[in-house]
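These protein sequence lines map, in sequence, to chains A and B.
Counting with the numbering used here, you get residues 1 to 209 for the letters of the first sequence.
Counting with the numbering used here, you get residues 1 to 209 for the letters of the second sequence.
Any copy will do: because identical chains look the same in the list, a pair fits if it lies in one copy or spans two.
The list that follows gives simulated cross-link-like pairs (lysine to any residue, SDA-like), each with its CA atoms no further than 25 Å apart: (1) K2 with E89; (2) K2 with L76; (3) K164 with A61; (4) K164 with A209; (5) K22 with S86; (6) K164 with Q49; (7) K164 with G84; (8) K164 with D58; (9) K22 with A87.
Think of the hints as simulated: they come from the structure by calculation, not from any bench.
In this text, all values refer to a predicted model and were calculated from it rather than measured experimentally.
There are 2 protein chains.
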Amino acid sequence: MKLYDSPTAPSPRRVRIFLSEKGVTIPTVQLDLRAGEQFRPEFRALNPQCTVPVLQLDSGAAITDIIAICRYIEELHPEPALMGRSAEERAVIECWVRRIEWDGICAIQEAFRNSMPGLEHRALPGPLPLDQIPALAERGRLRTAHYFAGLDARLADHPFVCGKAFTIADISAMVTVDFAVRAKLDPPDHLRHLGRWYEEVSSRPSAKA
Amino acid sequence: MKLYDSPTAPSPRRVRIFLSEKGVTIPTVQLDLRAGEQFRPEFRALNPQCTVPVLQLDSGAAITDIIAICRYIEELHPEPALMGRSAEERAVIECWVRRIEWDGICAIQEAFRNSMPGLEHRALPGPLPLDQIPALAERGRLRTAHYFAGLDARLADHPFVCGKAFTIADISAMVTVDFAVRAKLDPPDHLRHLGRWYEEVSSRPSAKA
Numbered sequence: 001m002k003l004y005d006s007p008t009a010p011s012p013r014r015v016r017i018f019l020s021e022k023g024v025t026i027p028t029v030q031l032d033l034r035a036g037e038q039f040r041p042e043f044r045a046l047n048p049q050c051t052v053p054v055l056q057l058d059s060g061a062a063i064t065d066i067i068a069i070c071r072y073i074e075e076l077h078p079e080p081a082l083m084g085r086s087a088e089e090r091a092v093i094e095c096w097v098r099r100i101e102w103d104g105i106c107a108i109q110e111a112f113r114n115s116m117p118g119l120e121h122r123a124l125p126g127p128l129p130l131d132q133i134p135a136l137a138e139r140g141r142l143r144t145a146h147y148f149a150g151l152d153a154r155l156a157d158h159p160f161v162c163g164k165a166f167t168i169a170d171i172s173a174m175v176t177v178d179f180a181v182r183a184k185l186d187p188p189d190h191l192r193h194l195g196r197w198y199e200e201v202s203s204r205p206s207a208k209a
Numbered sequence: 001m002k003l004y005d006s007p008t009a010p011s012p013r014r015v016r017i018f019l020s021e022k023g024v025t026i027p028t029v030q031l032d033l034r035a036g037e038q039f040r041p042e043f044r045a046l047n048p049q050c051t052v053p054v055l056q057l058d059s060g061a062a063i064t065d066i067i068a069i070c071r072y073i074e075e076l077h078p079e080p081a082l083m084g085r086s087a088e089e090r091a092v093i094e095c096w097v098r099r100i101e102w103d104g105i106c107a108i109q110e111a112f113r114n115s116m117p118g119l120e121h122r123a124l125p126g127p128l129p130l131d132q133i134p135a136l137a138e139r140g141r142l143r144t145a146h147y148f149a150g151l152d153a154r155l156a157d158h159p160f161v162c163g164k165a166f167t168i169a170d171i172s173a174m175v176t177v178d179f180a181v182r183a184k185l186d187p188p189d190h191l192r193h194l195g196r197w198y199e200e201v202s203s204r205p206s207a208k209a
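If we strip away everything but chain A, and leave its shape as in the complex, we get (with noise of 0.2 Å):
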């Protein structure tokens, strides 16, 4: 197994927080995303979509999905758990993991990628060159206000995202607050239960990642 990672991207990291709080270790390959290594042909074979992280199988196979890929670990290190012990339980986690990225990831993105001198024409990741809209980035901006109004409520009640124990859903919602304070687009303080949880998740160890 191989893993495709970068310092410099939110998604790679989700990954390598989730392999941390497994305790496994994989090796991997470092692509430079600002010298554009990412559409070079050899990597473009083996991921059409041109993002990382990417997880190669022995056999050959890519897995160009973040969640597929801490599935795929999970499956094969089944603890600690991080993406739930009942087949509710991986439901649950699974609807708020793809509700963090909708809401959160990609409404940061938005504002990010639609705004920032650089990303002319990457106003979306992956091979198609295409404009930045700046309309997009206003809209993006107001999503992710939404997105942290929610988050909050949900803190309100939950100590995690998903209730009592630590998920996956706690290390994506942790890596939006910290791409959204790259994109000066930071929580604002009176969302304290947010706060709160983010002091938490964000002193473990595997932050670092």
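Guided by the hints, dock chain B onto chain A, whose structure is given.
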């Protein structure tokens, strides 16, 4: 268990086709999306994202993500397997499903919702009223064409999206074709591998679900 469904949207249809392939029946509650029933307080309490499908379990838990719903059903009714028989198969299928959702469904939705009269403030599903962005309709058309070309290339040397067996990836991809036709973004005739595959999958009895 209860499935919140609607006959007019592509998303719940994916679950109905999945259930039909499994031979499983679940009591349904039909929502009239055109009348805005998904925004009523009682449904919003169940799913703050105001989307269908939702699978409500006997415990009261609401499963709001299509793939999480299907995975839950697959755990209860493993045969016929539609999500893979090994960790590697499951991972590859999950990647394809998410690629079909992101590059296909989201792209078609981008084109459709940003141009349709009657959806002026509904540019995304969910509770936030968001104005249409004409440049996004154009981007959606470009992305959709790219998606269908990639799917055709994949189907040139695979009978089904993930290989020799019909899976949830075929269900998801078939729904993108039907959604695209509705959005007047029909895949072009020269994509003949896609045409061959579509004819086969859409003639299965489950396609009527």
